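Enquirer: Add chain B to chain A, keeping to what the hints say.
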Amino acid sequence: MDGKLLEAKNVSVDFRIDGQYQTAIHKLNISIKHGEVVALVGESGSGKSTFAMSVMGLHNSDQTRVTGSIKLNDNELIGLSERQFDAYRGVSVGMIFQDPLSSLNPLMKIGDQIAEAITVHDKQSKKVKQRVQKLISDVGIVDVQRVSQQYPHELSGGMRQRVMIAIALANEPDLIIADEPTTALDATIQAQILDLIKEIQQKKNAGILLITHDLGVVAEMADTVTVMYAGQIVEQARVSDLFNHPKHPYTRSLLRADPSEVNSGDELYAIPGTVPALKDMDHSKDLFLKRVPWLDKAEVEATVDEKLQKVSDGHYVRGNAWQNFEFLEDL
Amino acid sequence: MSELVRIENLKVYYPIRTGFFNRVTDNIKAVDNISFTIESGQTYGLVGESGSGKTTIGKSLVGLEDPTSGKILFEGHEVTTNKQKKAINYNKDVQMVFQDSQSSLNPRKTIGEIIAEPLKNFGVPNVIGAGYDGERSFDQTKINERVLALLKIVGLPAQTVAQYPFQFSGGQRQRIGVARALATNPRLIVADEPVSALDLSVQAQVLNFMKKIQREYGISFLFISHDLGVVKYMTDNIAIMHNGRFVEMGTTNDIFNDAQHIYTKRLLSAIPSLDVSKRDEKRAYRKRIESEFTQNKDAYYQQDGLRDRAYDLEPITKTHYVALKKEGA
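Which chain is which? The protein sequence lines are A and B, in order.
Each number in this note's numbering corresponds to the 1-based position in the first sequence with 211 added.
Take the second sequence: its position 99, counting from 1, is numbered 82 in this note's numbering, and each next residue is one higher.
Hints are computed from structural coordinates only; laboratory data are not their basis.
Quantities reported herein were computed from a predicted structural model and do not represent experimental measurements.
Any given hint could be a false lead.
Unchecked claim - Under the rule of at most 27 Å between Cα atoms (straight-line distance), these lysine-lysine pairs were calculated in the DSS-like manner:
| id | chain 1 | residue 1 | chain 2 | residue 2 |
| --- | --- | --- | --- | --- |
| 1 | B | K(-6) | B | K301 |
| 2 | B | K(-6) | B | K309 |
| 3 | A | K282 | A | K414 |
| 4 | A | K215 | A | K521 |
| 5 | A | K414 | B | K261 |
| 6 | B | K195 | A | K501 |
| 7 | B | K270 | A | K409 |
| 8 | A | K244 | B | K265 |
| 9 | B | K125 | B | K42 |
| 10 | A | K215 | A | K337 |
| 11 | A | K490 | A | K518 |
| 12 | A | K409 | B | K248 |
| 13 | B | K270 | A | K345 |
| 14 | A | K238 | A | K501 |
| 15 | B | K125 | B | K135 |
| 16 | B | K265 | A | K414 |
| 17 | B | K125 | B | K103 |
| 18 | B | K265 | A | K409 |
| 19 | B | K103 | A | K244 |
| 20 | A | K238 | A | K337 |
| 21 | B | K248 | B | K(-6) |
| 22 | A | K215 | A | K490 |
| 23 | A | K282 | A | K521 |
| 24 | A | K220 | A | K244 |
| 25 | B | K308 | B | K248 |
| 26 | A | K501 | B | K135 |
| 27 | B | K103 | B | K92 |
| 28 | A | K414 | B | K270 |
| 29 | B | K261 | A | K415 |
| 30 | A | K496 | A | K238 |
| 31 | B | K261 | A | K409 |
| 32 | B | K270 | B | K248 |
| 33 | B | K66 | B | K103 |
| 34 | B | K(-6) | B | K42 |
| 35 | A | K415 | B | K270 |
| 36 | B | K195 | B | K125 |
| 37 | A | K496 | A | K521 |
| 38 | B | K265 | A | K415 |
| 39 | A | K238 | A | K414 |
| 40 | B | K68 | B | K(-6) |
Chain A on its own, in the form it takes in the complex (with noise of 0.2 Å):
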């Protein structure tokens, strides 16, 4: 199985406010195979997320355009009625949210949930109930019978992060879309439920798209990375060409402000100024640039290519910048 599960071809979503589109994601290319984890890196209000939502139809096609083409397993998903739609969504995709306590039912005991995403897809299935014991125990809960009998609020985060593995696995997926999946857990469970993502895909061979702001989770996690900063790409690259080799100053940059490397005594690199605002994006340019005070005026406001320079086998960068790029203490 080596064909793409996914394939994002000039993705752009804009978002109407105030009467106007702006453009949250300028023409995105992305694509997973089957068995390959593609991390999805950028801070918040870069996109990601935004991205994700299309993948699962959950915009509100009001307010939101999106364009471009979206295929999986060769199937268009952009321009798909809600109902169309349920046909895959949580079939062929499942979907892990940052955050399981707003995300589970609190009136429902967990068996009854994992059941549901069974059932609400298939009314005839049978044996419903081995299943759900068997995805719970799957997840590493151990006791099965009572976990599958409590409610959410009775299970710590790290439980409830487990129960929305399971209900993201329940009609297992081609695809898993895990967004920031372990952000608001502590250090050990988020290990815990890493191993346990990546254990569970190994074995089912599933695509992940994992989204987080965390380079550490992309560097135990990822195969390969995509980077982005204010709706554009800037790097795409192998995990370890991108950690080994960074090329994009914003890359670059990200790198640098990680603390954990870094001597007490040192400074850490801090990046000056703000992601823009959505009406302030021009993607003709790169936008990072601009917080890159030290650059001459006339490279920051240069028009960028949109198709991203490939620096060698695998690895993508956005501009010319990176070419001469260096960092005002190194200059």
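Expert: Chain B in isolation, oriented as in the chain A frame:
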């Protein structure tokens, strides 16, 4: 180096009441017999999972929580109860920065009013710095001047005074929170997860800034966090907390390079590393620690009801303390 705060055998219990007469039947031991010292001009890190009691210690220090027993000493004066805190005007010396900048700044007040609040309560010290025991002015023009000076220190423009919290990003709001904390010239700032809600690039701004004011003014921090990467960068000394008890305490170097307690090792092994090539190795190591943690619990914990209770700390070097089972016990 001199001692600024000493905490001795601090206990904070929450009573559990049951039955018809609402009698106290048991206690939740949120903080269970904790002792440590914060040196002036240094940063002390408190690390633990949610529910371990680290925030409760921070709150007891600033007076938002009443200790059940134990002592808090500030420069030798006892400040355990609110009455004792008042007697030496302690509240101007200890300020707090909260995790969630959104909910800790009043949305209906301008930034100028927010930062002026502690100045109105305690007066404007003559200089900006750590600690000030001289005359304080309550003059409105002095207050306004000081607000502008504080904004400048945290790198925000003067027009900020007339704006409201919602007009700022998370990183800017967090710096406003720090400006407010700085206003009274505190000697100690309790920072409770100050950067955990921030993006990496913004987190770096706030951390650099905290280090800068420490260098310039000699302020001490009690830095509460569950992010070991940040803690390693920020702190001089660390205590690792689990279920209301310290399991290990030492210099940052002791903890990161010579961890002894299984719980500390478990926390350290869970830090995701940016080194992609060692990923499988790390996962295997993590599994090994995890199984040692579950199988070998008796060596590290005694049972106390349903919770694992760490043993008492014993020194293994001059700076490094670990809660291990005593030989022959």
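Enquirer: With reference to the structure, classify each hint as holding or not holding.
Expert: Comparing the hints with the structure gives:
no.: 1; hint: B:K(-6) - B:K301; result: holds (25 Å)
no.: 2; hint: B:K(-6) - B:K309; result: holds (23 Å)
no.: 3; hint: A:K282 - A:K414; result: holds (24 Å)
no.: 4; hint: A:K215 - A:K521; result: holds (21 Å)
no.: 5; hint: A:K414 - B:K261; result: holds (22 Å)
no.: 6; hint: B:K195 - A:K501; result: holds (26 Å)
no.: 7; hint: B:K270 - A:K409; result: holds (14 Å)
no.: 8; hint: A:K244 - B:K265; result: holds (26 Å)
no.: 9; hint: B:K125 - B:K42; result: violated (31 Å)
no.: 10; hint: A:K215 - A:K337; result: violated (32 Å)
no.: 11; hint: A:K490 - A:K518; result: holds (23 Å)
no.: 12; hint: A:K409 - B:K248; result: holds (22 Å)
no.: 13; hint: B:K270 - A:K345; result: holds (23 Å)
no.: 14; hint: A:K238 - A:K501; result: holds (20 Å)
no.: 15; hint: B:K125 - B:K135; result: holds (15 Å)
no.: 16; hint: B:K265 - A:K414; result: holds (20 Å)
no.: 17; hint: B:K125 - B:K103; result: holds (10 Å)
no.: 18; hint: B:K265 - A:K409; result: holds (14 Å)
no.: 19; hint: B:K103 - A:K244; result: violated (62 Å)
no.: 20; hint: A:K238 - A:K337; result: violated (43 Å)
no.: 21; hint: B:K248 - B:K(-6); result: holds (26 Å)
no.: 22; hint: A:K215 - A:K490; result: violated (34 Å)
no.: 23; hint: A:K282 - A:K521; result: holds (24 Å)
no.: 24; hint: A:K220 - A:K244; result: holds (15 Å)
no.: 25; hint: B:K308 - B:K248; result: holds (17 Å)
no.: 26; hint: A:K501 - B:K135; result: holds (23 Å)
no.: 27; hint: B:K103 - B:K92; result: holds (15 Å)
no.: 28; hint: A:K414 - B:K270; result: holds (18 Å)
no.: 29; hint: B:K261 - A:K415; result: holds (24 Å)
no.: 30; hint: A:K496 - A:K238; result: holds (13 Å)
no.: 31; hint: B:K261 - A:K409; result: holds (16 Å)
no.: 32; hint: B:K270 - B:K248; result: holds (12 Å)
no.: 33; hint: B:K66 - B:K103; result: holds (21 Å)
no.: 34; hint: B:K(-6) - B:K42; result: holds (12 Å)
no.: 35; hint: A:K415 - B:K270; result: holds (21 Å)
no.: 36; hint: B:K195 - B:K125; result: holds (25 Å)
no.: 37; hint: A:K496 - A:K521; result: holds (18 Å)
no.: 38; hint: B:K265 - A:K415; result: holds (23 Å)
no.: 39; hint: A:K238 - A:K414; result: violated (33 Å)
no.: 40; hint: B:K68 - B:K(-6); result: holds (18 Å)
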